[in-house]
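Undergrad: Each chain is listed here by its residues.
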Amino acid sequence: MDAAQALADLTEISTQIQAALIADEKGAVIASTFADDATASQAARSALDLFAAAEDAGRDGTVSLTQILAATHAGSVFVVRGDDRIATAVTGPEPTVGLVFYDLKTCLRLSAAEQPENPPKSKRSTRSEKADETSVDE
Amino acid sequence: MSRTLRWGVVALGSAAGLALWRRSSGKGRERIELYFSAGSMVSFPEDSTEAARLIPLARRVLTSARG
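Top line first, the protein sequences correspond to chains A and B. In the working numbering, each residue carries its 1-based index in the first sequence increased by 201. In the working numbering, each residue carries its 1-based index in the second sequence increased by 67.
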């Protein structure tokens, strides 16, 4: 699915999410619901800074950080890291945390499915496999 | 004890209980929660040094998102 479409679906499904974006590991915005590209880029960089600082704060050397909730009186920020990109969402105060994380991870997974770099090769069955299938059918 | 006074005591008790529950559960307080690949989670309350460092970064994201 297209990343922009995944974000559109996300904001339609989750009424708690006010704005969201998907960016790569360097902060380049892939898709966003922000008003303009400049603010989306700024938010992506801030989200990456937050993630990097959180990795330092929670580092224990054995497990990797996968998601963050930052709850403030003004609202909450969610950051989820996928294989090569992050998804960030902003909500009002005291959202349903589990639900927002679930929707954000789903959005990230769907957007990651867009244009895989190494598309799976089409499976070809060998003659012997076809023979086996035929014998099973019989 | 009059009926009104009894209801007043019940209402005050409920409000105090709710305030205690919110305080103990962390609801309504600023915090940072970190989730790890192993399924573990660490929560930093607003008065921790970690939250003091991370919450301003989160505010930057909020500010960007809301213009």
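Don't read these hints as lab results, they were simulated from the structure. Where is the CB? At the ideal position from N, CA and C, for every residue including glycine. Just to be clear, a hint being listed does not mean it is correct.
So the derived list for chain B, only partly shown, Cβ under 7 Å to chain A, looks like this [to be verified]:
| hint | residue |
| --- | --- |
| 1 | LEU79 |
| 2 | ALA82 |
| 3 | ARG98 |
| 4 | LEU121 |
| 5 | ALA132 |
Undergrad: Hint by hint, say whether it matches the structure.
TA: Results for each hint:
no., hint, verdict
1, LEU79, "violated (24 Å)"
2, ALA82, "violated (18 Å)"
3, ARG98, "holds (5 Å)"
4, LEU121, "holds (6 Å)"
5, ALA132, "holds (4 Å)"
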